[in-house]
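There are 2 protein chains.
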Amino acid sequence: MKRTGDQYLVKQINKSIVLDTIRRQSPLSRAQVSSLTGLHKGTVSSLVNELMENDLVKEIGTGPSSGGRKPVMLLFNKTAGYAVGVDLGVNYILTVLTDLDGNIVLERNVKISDRSTENVLTQLKISIREVIDRSPPSPYGVIGIGIGVPGMVDNKGQVRMTPNLQWNEIDLSGVLTKEFGCPVRVDNEANAGAMGEKQFGAGRKFSDLIYVSIGIGIGIGIVLRGELYRGASGFSGEMGHMTIEANGKPCKCGNKGCWELYASENALLESAEALPLPVQSTDGGNAPDLDVLLRAAHEEIPEVISMFGTVGQFIGIGLSNIVNTFNPEQIIIGNRMTTAEKWLKEPMLDAFHSRTLPVHRHRTKIEFSSLGTHSAVLGASHLAVSDFFDRMNLYMDR
Amino acid sequence: MKRTGDQYLVKQINKSIVLDTIRRQSPLSRAQVSSLTGLHKGTVSSLVNELMENDLVKEIGTGPSSGGRKPVMLLFNKTAGYAVGVDLGVNYILTVLTDLDGNIVLERNVKISDRSTENVLTQLKISIREVIDRSPPSPYGVIGIGIGVPGMVDNKGQVRMTPNLQWNEIDLSGVLTKEFGCPVRVDNEANAGAMGEKQFGAGRKFSDLIYVSIGIGIGIGIVLRGELYRGASGFSGEMGHMTIEANGKPCKCGNKGCWELYASENALLESAEALPLPVQSTDGGNAPDLDVLLRAAHEEIPEVISMFGTVGQFIGIGLSNIVNTFNPEQIIIGNRMTTAEKWLKEPMLDAFHSRTLPVHRHRTKIEFSSLGTHSAVLGASHLAVSDFFDRMNLYMDR
DNA sequence: AAAAGTTTGTATATCGATTGAACTAAGTTT
DNA sequence: AAACTTAGTTCAATCGATATACAAACTTTT
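Each protein sequence line maps, in turn, to chains S and H.
Going by the numbering used here, the first residue of the first sequence is number 700, and it counts up by one from there.
Going by the numbering used here, the first residue of the second sequence is number 700, and it counts up by one from there.
Keep in mind that the hints were calculated from the coordinates and are not lab data.
One should not assume that every hint holds.
Since copy identity is lost for identical chains, a pair holds within one copy or between any two.
What the hints assert, rightly or not - For lysine-lysine, the following PhoX-like pairs were computed, each having C-alpha atoms within a straight-line distance of at most 20 Å: (1) 701 x 904; (2) 757 x 740; (3) 740 x 701; (4) 1064 x 1044; (5) 769 x 740; (6) 824 x 810; (7) 1064 x 904; (8) 1041 x 1064; (9) 824 x 877.
Build the full structure now, drawing on both the sequences and the hints.
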């Protein structure tokens, strides 16, 4: 049974539009909101008053006159509540507290060496507890928790598989809701990153974009018509396991020639094992890691630079597949591999341009993340904020 | 400026819901519509009366009583107007006239041998003119023309490129609007096919599906949340040019190792050239064509059957990429290669299953087109019908 | 400095769509 | 024949947006 229309729906739509307008373009007067939205002055007045009663909008004094009565400027009350965002990495937990506008208020980052489910869960709870305890007082308090995890999350928020964390079938959202008594939203890391860049980063001006998270593996977050597309069961975006060599290397996933075997951090580390590197690993071990390779590249060791080049080419191949598939306005490359932008970019773009149809070649914007390591954590907190507004029957992204 | 809410919007939403309910589940009484939609009896009555004034709904006498007054049964008036659908193939033009419910009333199929732009355009106009001239009288007459073309169509309806028809930058929609004086909707063949299957074929029950059109080349039509996704500029779905062999055969598109080089009709014909076939080509020439190969397969010639097997495997590889990317509920395979289902299916599914993540393996329904050669033409006519309802401020697909 | 004009924001009446309640119509069951 | 059921209409009530009028506060012109 579809949702039918009534006056309540009308009010909900208009109230959302008014709030959204103020949120994105404040400070704004009631008159400006009226002319920006096309809503009648009186309608804006009454909706703004209700939003003020709900602490979501506040008056901030008068603005300059343009030949008449001075306008009363309105502001989105971004500190009406706070949201927790978590980027649950394979070897770290990055936790932030943000206001309703995505500004970071508190931040906490812990390294994880013991990857057992128990330990990770414990550390996760400690991190969240800490930012919640220190959160400033506000009308709504902590309105929710958003978490990005490196794995597959179904559309009920259940973690189904994490290739690098050995978590299987964990009801993370249930566990944390119980622990903290506030709504918890779990999504995969690439979706969170896509939301982060769309809301706060390089993707702000675009409504059809693909966020390509290149870390240990590769996952993509798909934003179409301004909204995340999660697939029928929540498992879209597993493009790391797209075949780009029909008879290529075997992958853990069961497939052969998966993109991430050639274009991810793991691909880089694997080919690095063959080289004897003159730089020590950061954790003292013998295995090379990304930081070691980056330092080697900075020292202009040709073998290492050429390795980045090869990986960059394979990234470009995948990007051309993405463009042919989705025809997005923009592709944003994020996660750890962005730190190697300097050595990846050129070979990547060369491969992309040489393989792409002319119509796409210069139409699609290819950029690196503008939020750096914070795409996913900000996206995660935004998911919580967005859910909060949903619960208030106000919608942010429409 | 976003669309704001007012009473007119409410009415539009509810009227659409009422019409949609009647269209899909008729015959229905006003009372049934009310309980199915949740709308008040009075509301349904007044909206139905308006729809009857607009000739979109009609009464069809009383139905059986269930212990009270007999209900007056309502029907969607599918013959209030007619739409033209065209599947513009590389070597044929299939034209139909359908009622508003997608039932074919007239059909015309012409073979094209002279592929010059002029000749194709002339033939196209003749075909359309003929079905329009013979269309039955109706309140709205011919409400529009929908056309599926084998190439790239931008979001303004301009044909930008047809790899197998040598059409470039043709304003097909402009030309035909001028000629016939009714709205023309041009889209690519895969999008039309996707819409056809979604509305009338195998995809009726699904809202996230991918239609894979395998003919001379490969294109896909993407239906997400019940709606076609066309990409930022209208060029989504060019998955035929997705790389599946990083250093594979060069393709006309500039890329290497494109999927359609291994999994399309062309791929089949190319490998067939190596074989001396004991069957004559249909047009008397020496070059093998699909029909010849199908006859050879029916005669159980092992080399030919194995060729189909190889192509089937490559199709399966691409399908697994599609599943990893979109996580759709369903994949529908359409266009000419469906005629080889018998020999393609098993190798295709084998490759697919062996390459797909366990979560997807049995969750995604993989089917062959249920409309056969008519997916695209019915989809095209539906696009015209759907535009017609848009113009009436009534929406079908929401 | 007074008058005229402008801009902001509020108050009030009107409009239009849904809804609830009452009602009519037309059947079935007891 | 009376009681009950179901279908569909009518009409007043309600609610939200809008138009109009108006008050408040400021700028520009005379």
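Hints, verified against the model:
| no. | hint | in the structure |
| --- | --- | --- |
| 1 | 701 x 904 | between (31 Å within a copy, 16 Å between copies) |
| 2 | 757 x 740 | within (18 Å within a copy, 42 Å between copies) |
| 3 | 740 x 701 | between (32 Å within a copy, 16 Å between copies) |
| 4 | 1064 x 1044 | within (13 Å within a copy, 39 Å between copies) |
| 5 | 769 x 740 | within (16 Å within a copy, 50 Å between copies) |
| 6 | 824 x 810 | within (14 Å within a copy, 69 Å between copies) |
| 7 | 1064 x 904 | within (12 Å within a copy, 36 Å between copies) |
| 8 | 1041 x 1064 | within (17 Å within a copy, 43 Å between copies) |
| 9 | 824 x 877 | within (11 Å within a copy, 67 Å between copies) |
Of the numbered hints given earlier, the model fails none.
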